[in-house]
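Each chain, letter by letter, is given below.
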Amino acid sequence: MKPYRANLMLCAGTGCVSNHSFLVREALEKEIKKRGLENEIQVVITGCDGFCAEGPLLIVQPENIFYCRLTEKDVPLLVEEHFIKGRPVKKLMYTPPDAKAPVPKMNDIGFFKGQMLVALRNRGLIDPENIDEAIARDAYKAIAKVLTSMSPEEVIQEIKDSGLRGRGGGGFPTGIKWESCRNAEGEPKYVICNADEGDPGAFMDRNIIESDPHSVLEGMVIGAYAIGVSEGYVYIRHEYPLARDRLHIAIDQARDYGLLGKNIFDTGFNFDIEIVRGAGAFVCGESTALMASIEGRVGEPRAKYVHTVEHGLWNLPTCLNNVETWANVPGIINRGAEWFASIGTGDISESPWGGSKGTKVFSLTGKVYNTGLVEVPMGITLRDIVFEVGGGIPDGKEFKSVQTGGPSGGFLPADLLDLQVDFEQLTEAGSMMGSGGMVVMDEDNCMVDMARYFLAFTQGESCGKCTPCRDGVKAMLEILIRITEGKGVEEDLDLLEELSHFVIDSSLCALGGSAPNPVLTSLKYFREEYEAHIRDKKCPARACRQLNVYTIDPEICVSKGHGCGVCRRECPDNAITGEKNKTHFINQDACEKCGVCFDVCKFDAIQIT
Amino acid sequence: MITVTIDGQKTEVEKETTILKAADKLGIKIPTLCYNELIEPYAACRLCIVEVIRGKRSRLVTACNYPLRQPVEVRTNSERVMKLRRMNLELLMARAPAAKIVRELAAEMGIEKTRFTIDNPEETCILCGLCVQVCENLVGTGAISFTDRGPDRKVATPYDVTSDACILCGACAHFCPTGHIQMTDIEERILHSELTLGPNTAISIPFRQAIPNAPRINPDYCIHMKTGGCEICSQVCPKECINYDDKDEFEEIEVSAVIVATGFQDFDPAPMKQFGYGKYANVLSAGEFEQMNNAASPTSGRIVLENGEEPRSIAILHCIGSRDDNYHKYCSRVCCMYALKFAHLVKEKTEAEVYQLYIDMRAFGKGYEEFYQRLLSEGVHVIRGKGAEIIPAPPDESSEGNLLVHCEDTLISKFREIPVDMVILCTALEARKDAPELARKLNISTGADGWYIEAHPKLAPVSTTTDGIYLAGACQGPKDIPDSVAQGAAAAGHVIKILNQGELLMDAAYAVIQEEYCSGCKMCNGLCPYTAISFDEEKKVSVINAALCKACGTCVAACPSGAIVARHFTDEQIYAQIEGILV
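For the record, the sequence lines run as chains B and U. Residues are numbered in the numbering used here as their position in the first sequence, beginning at 1, plus a constant of 25. Residues are numbered in the numbering used here as their position in the second sequence, beginning at 1, plus a constant of 15.
So here's chain U without its partners, still in its complex pose:
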């Protein structure tokens, strides 16, 4: 340990501590531009130059990387230092006049204007090199670098073309102190969720109230998983919890019953070009708006536009992807009510006007119609007619919104053009893309829309055609929360019944193969939708597992030798029935 004096204050530090860190300990702030504690000091901006005095010798050094080895006196604000700092900032102001951080630091020193030639008034890059350092040393990709030299130096990818080496991690943009580096989506899609709610980070708690409520690393975004570099999280975690070796694992669990509760997915409105989702930053999906309203969102639940201002008016467009011949013909059931809830929230939180553009208002449940009536009295505008198109409003001071919603008000048979600041699209609930895959695995079926089909719409709305597998919630079809809860409880009841019985009661009807007639052609094996038929290699005949068979009769009809009979539905029995009817 050595004792150093910084600006008259004494402190004890370990040998090799940098002046910057020692000063920080004393609460003395030394301005820096190219320093970040996660990166080896680059010492390029020279803003942190301080005076080190030892005996009669005074020396100018950069605080960020000068290691303290002897008991010295440091002056961070002597006239000599301040003079250099002022000149430095003045020169940086000439280089990057649009860089806010430089202007602010200069203003602190009392510099308003630079005496030197400004080549580009729009320039924001101060050539601090943080981005290059991060990309090369932290991320380990080296996709960007300095090119050219002297005053022509700049940060670029090789030959200024989009680099394949870039892994789109965004670390350079994150570290850039002036905002010179911006992320643009390669397909030119703006993701409002990322702009307002922050980028998808590689390390996050999967969703709110997740169990366990612990962060996990998403290998698709994690720089370390891609390049082996970074490791910032493990550096900052005080409890050393980060384990990069932890990998996804497959586990096999034996169960007696399965409840399928895989839910739905949001319809992606981007292909409906007329609504400009992804093109205009203030066109949001219902899910994004809901997220924004959450108190734990980056906006703390405030309803704001992309530029941070409060909207003056909001349009809520119903039936986006629902009740639409081109997308989904069905009604998504829940949108009308949540759209009314949104309107209520907007009215509660802001002064904005709200327009509801609907085809039919379906407020069908207990208390729902009353809620609708209440909203009407709150002054929400309801327009019967589906939103047709959203275009940017022409730049005009007097305009009441930055977007224009085109629609037909069918009640007054007029086309209308409504200026709004924000549009919320009530996107359809649709079956998960991977629903058919799971259906195949579980031997259950999906309908044309992809929703799972129940065993019987009225008599068995929770069961599936496979015994022991039950459905709950929106995986079966659009459903609101009370309905989902009810179905879930029903499914649980079924399961408890099975678990208590310890055995399944089978249907007496199933197919059997008469071995003496079976030619062993295996045709039935592939046909069985319940994979109940297998081939006995010893006897060279096919065999039906009676527990799996649902007596659907497919194999019976298909067997070329007529070797398969369905119990209780044999040809003789059916002929006898026909005869009975005819006689």
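One chain only, chain B, in its complex shape:
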């Protein structure tokens, strides 16, 4: 490979691509050529850096200078200043929320500082479409080690010793799963990579594939060797075109290099991978529904009294792991189980369920400064994630709650911010690890409304097979809607709790089994909000508009807004009257409480009581 003076690592994850990072790339290449720097400076397209809120991102290596929110217009200035004059451009750098000066180096930024990269070890450092760059970063080295120097049993023991647990949500010890599948009767066996990530706002799996598809493939090859499998599937959502394309490219390149296919590394071991596209049903992320979908049947879960490691795909032993789980495997083989087990919480010497080891990737969204993808060691506190990595709550608002684990995760209150993030502690608090969604809520979020929102999602995504999930969740949602509209009654809370436990206890799969979590945790930690809705017919966060009373402060309306009349013109119900320079009034009988007036008034004259 040719050496360059500087490598411009341009993020090409879905977030940055949507923000036109490919246009920036064109502009950069044009400008570099124009300035005659093409032999000195190279533009490298990389996978996602995770800091999606600030995209498109560009990291100049080896200086480690971090630029963000780039547009093609910034390019001439950047090239001129940084690469010709040698002066990094401050105004294109990242400035933390409360800081005055920008932070030039990537590793000094709070968002990156608190992270620990295992599954995402190659993010931002390699071109995901070039296998040579991955190999330069040790990709496929673990396969060589496994195939030439380890027996399948040794590989399984190594994974067991590492304490790796399923990252898809269940947290089942990976080594035990592999061992059961290896020991199960029936041939052939299969391995599957679950890349059907359906949680709203979660994009861990997409990112791993987009930034380093080879880590997933390598993990699958190792798993296949350990279990004794020669066929694998990656089930990926159709909505992930970029990830799918990169996976295709990676598989083709790996095949060309003999890292997939027949007789890998001349050891007689055969393994190949096929990509299956999912049509976007959330429930197909459930292992049995996913397998039904691969078989060409309707994606519906079945009872797992007979485990899929014994009777899975086409009724044959099948080992299904999530993208992140597979991506963790090569690191464990390369660096050893001991290293992996040294990260995280608990003790796994007695029981594999005794601790949570390694790191976990979270997609941090909601009311935080630094939304994006983060990989943090297990055992980190929620506070560290939200305030250190996430940079805290914007606009000086108060933190209210954080939801972990996707749409069926529970809401954890401020009291629990010092909770350590691991499988057991999250479950104990009424939430879950899930696949790693993390939504932060502030004082403006009504917890009843949030519970309603997430329940509406799970209801819409329920396959409808079993009564509790189909009709129980529907009944719960009806009650929540009733409460947010001010029509709730005192008995509704008991009924909600009763229904929640019914749905959890009787549902067929984990979708229904966890769907009531947002309701149960909000009832547990934020019960007073429910009571306010029911007893006082008020929404403390003012998010449930049907409960709000909108009035106009005459003072502000006249003195600041001079009776501008925007609210009057925008009101869809013609409920507002008034004249220029005079105060306006809202006719409460006509007001449908849409809240448009509140949104459009620039002078904060609209008040909610």
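If you are wondering where the hints come from, they were derived from the structure by calculation, not from laboratory data. Using N, Cα and C, we set each Cβ at its ideal position, and we do this for glycine too. It cannot be assumed that every hint is accurate.
Said to hold, decoys possible - Just the calculated beta-carbon pair ranges, DEER-fashion:
(1) U:H189 - B:I633: 58 to 64 Å
(2) B:Q613 - U:T132: 27 to 33 Å
(3) U:C252 - B:E335: 30 to 36 Å
Guided by the hints, dock chain U onto chain B, whose structure is given.
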């Protein structure tokens, strides 16, 4: 074998037995909605959830598909289980308020009303999935499936249109626990026989007292023959008698004589729209009514309406398709008497009024007229006049029937409108549709109505024009049972005569071809109604088989060379006779 405890009772079961089956063994009933033993458990209704306790751990599982592998304790009616079951039923009551089975199960648990929103008070589908499972896995057609998801889930055909994949087997409707799926005839014809007497099953004994008295599979209805699926019969047959490979076979039998006793077929009254057969469920053909009266019928011989109630009045309409210029001009002979028998049966079994609508009452046999007189004294109403039309009665509480029969009472010259609950149509006896086909094969002839023609109406009423072939019963014309028996005995007598003689005495009259005149044109070959003429390829002349020839003379008249002569009826002989008469 493992020992499990269910509700305090211990039992030994094989490993992998489901809790449901183990409980069933102990006589413990666990309610289910989506379970059927013929189908792999679907575990969707969640009603059969029970508590499994092992050591200190308690777990909720569905009994229908949870395999017992360890000695555990199962509680099917703990408070925790009952709470879930009650909530489940309450939710199902909101989904399908009209489903009787759900209401009954809920009532057993003491639930009368649901606390949840009812979207459709008429809904009966509980989405148990039995129909979908049956269609896909048992029948193997997959014509119906679940569509949409979550609360909007429903069972449908693709795009909700009538599916060509559906083989109309009715298995889905049969398995549906709530009656949500109903069979409708595609031509909108109600078949009373199917409603009252059960559907045509693919496996049945062909008719009562059949020999051998064994069931056989009708490949037209059998799902297995169509799709390769199902096989329920072989699963339930304890003696492993079901043989799907058995096929219809053709056998060739050499015989010396044939008795044709193919009988008649019932006239189909459906085209006579005025009687509403097929449109109104309580308009029956005579055959259907007769079947209903049989003690072995699904109604056990009771006379009931389609809704299971006893009729208040019945009209019996004579001459449906008989003595009718538009259908059959002949009298079907037997209807008057069986109509009187029906009236007698109705009077004996029910309190219903009976009306006989006749053109002429033909009680011609020994004791028949007496029977007619007896019926009159039993209070049967007889109206001289053919039924004209049947219409549904207007909904009126005071009405004495749900149908109105219009007729003219010709004895009092008045139009009448008779309210009745049930109508029996005395349908004509008609020749079988396939009678002409058999006639061609046997070289016998049929009349304009399709009945087989005997050799001579008075002198040879049993024989046909082909020697060795005899007629018996209603294939020759409408006949009652005594007449059929008599003719059958006569035919048998003829046959015995032939069999004893060992040879047939031929008529001396037959045609011969004079080879020297035959040009070999073959014209006669096709003309011979008895296929007695063939062509001798060596001599290039036609030849008559004297044993088959009936001396009808057709070939004699047709031969362009005048090469054929009828023995005993040569031209010379006929001229001589003519001359003899003239002189």
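Now for the hints, and whether the structure bears them out:
1. U:H189 - B:I633: 58 to 64 Å: Taking Cβ atoms as reference, H189 of chain U and I633 of chain B lie about 60 Å apart, which means the hint holds.
2. B:Q613 - U:T132: 27 to 33 Å: holds, 29 Å
3. U:C252 - B:E335: 30 to 36 Å: The hinted range 30 to 36 Å holds for C252 of chain U and E335 of chain B, with Cβ atoms some 33 Å apart.
When each numbered hint is compared with the structure, no violation occurs for any of them.
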